Amino acid sequence: MEFGIFTVGDITTDPTTGRTPTENERIKATVAIAKKVEEVGLDVFATGEHHNPPFAAPANPAVLLAHVAAQTERIVLSTSTTLITTNDPVRLAEDYAYLQHLADGRVDLIMGRGNTGPVYPWFGKDIRDGIDLAIENYALLRRLWTEESVTWQGRFRSPLQGFTSTPRPLDGVPPFVWHGSIRSPEIAEQAAFYGDGFFHNHIFWPMSHTKQMVNLYRRRYQHHGHGKHDQAIVGLGGQVFMRANSQDAVREFRPYFDNAPVYGHGPSLEDFARETPLTVGSPQQVIERYGAMADHVGDYQRQLFLMDHAGLPLKTVLEQLDILGGEVVPELRRIADARRPAHVPATALRHAERVAQPETVEV
Amino acid sequence: MTRRIVAVSAGLSEPSSTRLLTDRLLEAADRHVTAHGEDVAVEVVELRPLARLIADQMLTRFPSGELTSAIEKVLAADALVAVSPVFSGSYSGLFKSFFDNLDVGALDGTPVLIGATGGSARHSLMLEHAMRPLFSYLHAAVVPTAVMAATDDFGTTGLDRRIDRAAAELVTTMLVSPGSASSRQGGFLPAEAEQREAGFTDRFDEVTDFSELLHRASS
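Going down the list, the sequences are from chains A and B. Counting from 1, one number per residue, gives the positions in the first sequence under the UniProt record's numbering. Counting from 1, one number per residue, gives the positions in the second sequence under the UniProt record's numbering.
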């Protein structure tokens, strides 16, 4: 099983000091956090894609990930998410293939549809076409990665005549793709159809909902003939804050929770932690909660945590990563390895494995 | 088959004249369904005890605690009675927030009787200018008679007649409507009530095949 973090790159005022980082500070902090992910023994660093304040996540994640690739050796670089709706699939094919070469194959992508409505008109699209854009664009992206010469016509971009996307994917094998969806069954169906991964970022949702979405993907993965339902490739989001003493964790995190974007000024920390995967407490409490996630959704392959949001200072985030990598993840790995049946993959196939056994790609 | 009529009552005081009107509308509806020889189960969802949870849902987008079962009751209803006090020329913010939180299409075709309470009969047109458009937007089937109960009305007989007429309209609409919960279409997936009838335990048991999605995307 893979463990890592995902960032949305929010620039949020630290409610305990009133200080707001500059864009430059936030961007440099994100790089420091990515390097820390490798240092503490985690597996994945994923960055969001944003086109609006208060975010300082890259508009094109490949820019940040290439920079991180040059300063790391081992971790997988991913996106959370790449907007498959409003980006030109031709640019996605080119940029992420180039990144694959720079990162020696340590790249995968999570496709998403964005968190703000206006991103559609900003890029000349119509939000009502969201699902259709995700379907058409991804179908084209796959062809651009797998076929040397693409002649294509569709609804949302100009036609292509004998077009070759360059560079070609590293070793002729495109990056592994996950499809992220919180509420849209069509996207779970899309992931299942292609035998791709399904990433369900349920950090703001109750487990009953997560279970339904993951089960839908698993059933359809088997239906489309990629393997048994329990062999489908599932990733989940997560959100934790830890201190050795759980009361200290609650006391320190509460002002960040109470003022956080999205859920701040709403439910109490205790209510929200009960309903969603947010866990604030001791490392042992995090191990118990996340060690039991597979009881709800089955054995899964990737767990990403949101660690650097809501105005938490860099120093605190790095401390959290020390606890996550040092105390929590080794134990979660042990629990996952112990319970996973032999026929269930431990992780999505890495680049070298995909080169060794290339998938048959149906078009 | 037992018909389910659920009332959403947004009164804030205790006792509440909004609840009083709600109960009388439900009694009348009960009477009319029974007169048609059908069984009926009526239930009231009071919003006041759910106020904090409704505010939480505005922010988190998922319902929690008691609000979850309240929403399930509303979604499973064959007809709704919706009653709010008049606040500043409209229904109350709490009333609006409850309906804002429902999923798109949740009330498609549902017969709805609208009612309101207020200090004087001068507020009556709120029902026509504010509450009826709200439910029209939600694609509910709002019955023609809306019932305003001003304070003075509780001492007159005219209110009884309006309650009776509105309840009769609601029941007639419910009994003939193809758009009640049992046959409602939810767009991509069958309505939850329909899935329950088909024996599905999971609302994602039936899904549009990807080949159809592909075809739809490119056409």
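In short, the hints are calculated from the structure, not lab data. Careful: at least some of the hints might be erroneous.
Here are the simulated distance ranges between beta carbons [claimed, not checked]: (1) B:Leu-102 <-> A:Pro-345: 38 to 44 angstroms; (2) B:Gly-37 <-> A:Arg-289: 50 to 56 angstroms; (3) B:Gly-93 <-> A:Gln-247: 49 to 55 angstroms; (4) B:Glu-212 <-> A:Gln-161: 26 to 32 angstroms; (5) B:Thr-151 <-> A:Arg-155: 57 to 63 angstroms; (6) B:Leu-175 <-> A:Pro-345: 51 to 57 angstroms; (7) A:Pro-53 <-> B:Pro-144: 46 to 52 angstroms; (8) A:His-223 <-> B:Asp-100: 53 to 59 angstroms; (9) A:Gln-284 <-> B:Thr-151: 41 to 47 angstroms; (10) A:Asn-115 <-> B:Glu-66: 28 to 34 angstroms; (11) A:Asn-115 <-> B:Tyr-137: 37 to 43 angstroms; (12) B:Glu-66 <-> A:Gly-264: 19 to 25 angstroms; (13) A:Pro-54 <-> B:Thr-68: 28 to 34 angstroms.
Under 8 angstroms between C-beta atoms, here's a sample of chain B residues computed to sit facing chain A [what the hints assert, rightly or not]: (14) His-32; (15) Thr-34; (16) Asp-56; (17) Leu-59; (18) Leu-214.
These numbers come from a predicted model, not from an experiment. Positions of the beta carbon are idealized from the N, C-alpha and C atoms, including for glycine.
Which earlier hints turn out false for this structure, listed by number in ascending order?
Structure breaks hints 3, 8, 9, 11, 14, 15.
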